[in-house]
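Residues -23 to -1, 1 to 346 in mature numbering (1 follows the signal peptide of the UniProt record, and there is no 0) are what the sequence shown spells out, letter by letter.
In short, the hints are calculated from the structure, not lab data.
Values in this document were obtained by computation on a predicted structure and should not be read as measured data.
Be aware that a few hints might be false.
To be verified - Keeping only pairs whose Cα atoms sit at most 27 angstroms apart, straight-line, the calculated DSS-like set for lysine-lysine is:
1. Lys183 <-> Lys24
2. Lys137 <-> Lys187
3. Lys187 <-> Lys142
4. Lys194 <-> Lys183
5. Lys3 <-> Lys121
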Amino acid sequence: MSRLLTTIAAGLLAALAIAPASAQEKVVNVYNWSDYIDESVLEEFTKETGIKVRYDVFDSNEVLETKLLGGKTGYDVVVPTGSFLQRQIQAGVFLKLDKAKLPNIQYQWPLISDRLAVYDPGNEYAVNYMWGTTGIGMNVDKVKERLGDIPLNSWDIIFKPEILKKLKDCGIYMLDGPEEIIPTALRYLGKDPNSKDPKDIEEAGKLLAKIRPFIKKFDSSGYINALAGGDICIATGWSGDVFQAKARAEEAAEKTGKPAINIEYVIPKEGALMWFDNFAIPKDAPHPDEALAFINFMMKPEIAAKNSNYISYASGSEGAQQFIDKAILDNPAIYPDKETQGKLFTVTTYPQKVQRVVTRTWSDFKRGK
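Model the full structure from these sequences, guided by the hints.
Now the structure itself:
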């Protein structure tokens, strides 16, 4: 009898020992873009759900895609951009979303969901997190000092060597993103930015080669602080990133009492790329239910708005708009008006053979070949 009691007691102790361990396993592993979330919402998520967030960051779609195609990333939620999402869906790396576990999907913006469906037919694999444009961020005073009174709302500033070279001394950063810059170069050349013709890609490469001597660095995250600190005068960049740089410059000015660096974001008159960053769940995600809980939480209107207010990007949530700061919601560089929307373009994934041309063209550009 005592042996039986001992066995029961041992079993109870074992169960108690297991309970904390299983609680510790209630986690979600998130892989998102750098500088792309209000970290306080992660704490709110854990407080509401009991799920701990392990949060890592990347600064290019290429880095994310390499991990996804290699498999066994260990991540539960990732944030690919539309054209990459399309290719990754075709490669079979994502789980279909269980929408019954995503009640907050009702607040998503139909306009954005419809555009996302170009990459994800039926919106089966992803929901939009943020969207925006790829344009020009600049230190207005430094640029005007060197260029005079020429219009600043044109890609001429980036793609005309005779103009760009005048800015070399104050620092020029280029996004390290071929699927951002090559379509933009094609648009500037008067070609279809979504062209899959290798000859068009090569023409874009020739244009880029002419401006290579003036580029200080290829960078997709550090340009925020570089602009904010006055270390560079111009960068190709993402809308919200440039507004983050502007906010940081203003915060620094308040602390020091010095005038704020005058940073502006421009959607050039020739047009700009419109992109969509989206939540998706890798097929081998170790915690798919926790992933769904995380995505659902991020679609809460108040939470979606909190992220938009913090990072200055447009949200995929229509329900969030009532909570978004008016200065953001009414800014046509963040939420483009109809006239500006008419200048925006989107691109789809490249076929494999064309992708090799894109990769080679970009590599040659960076190496100055």
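Hints versus structure:
no. : hint              : verdict
1   : Lys183 <-> Lys24  : 53 angstroms, violated
2   : Lys137 <-> Lys187 : 8 angstroms, holds
3   : Lys187 <-> Lys142 : 10 angstroms, holds
4   : Lys194 <-> Lys183 : 19 angstroms, holds
5   : Lys3 <-> Lys121   : 54 angstroms, violated
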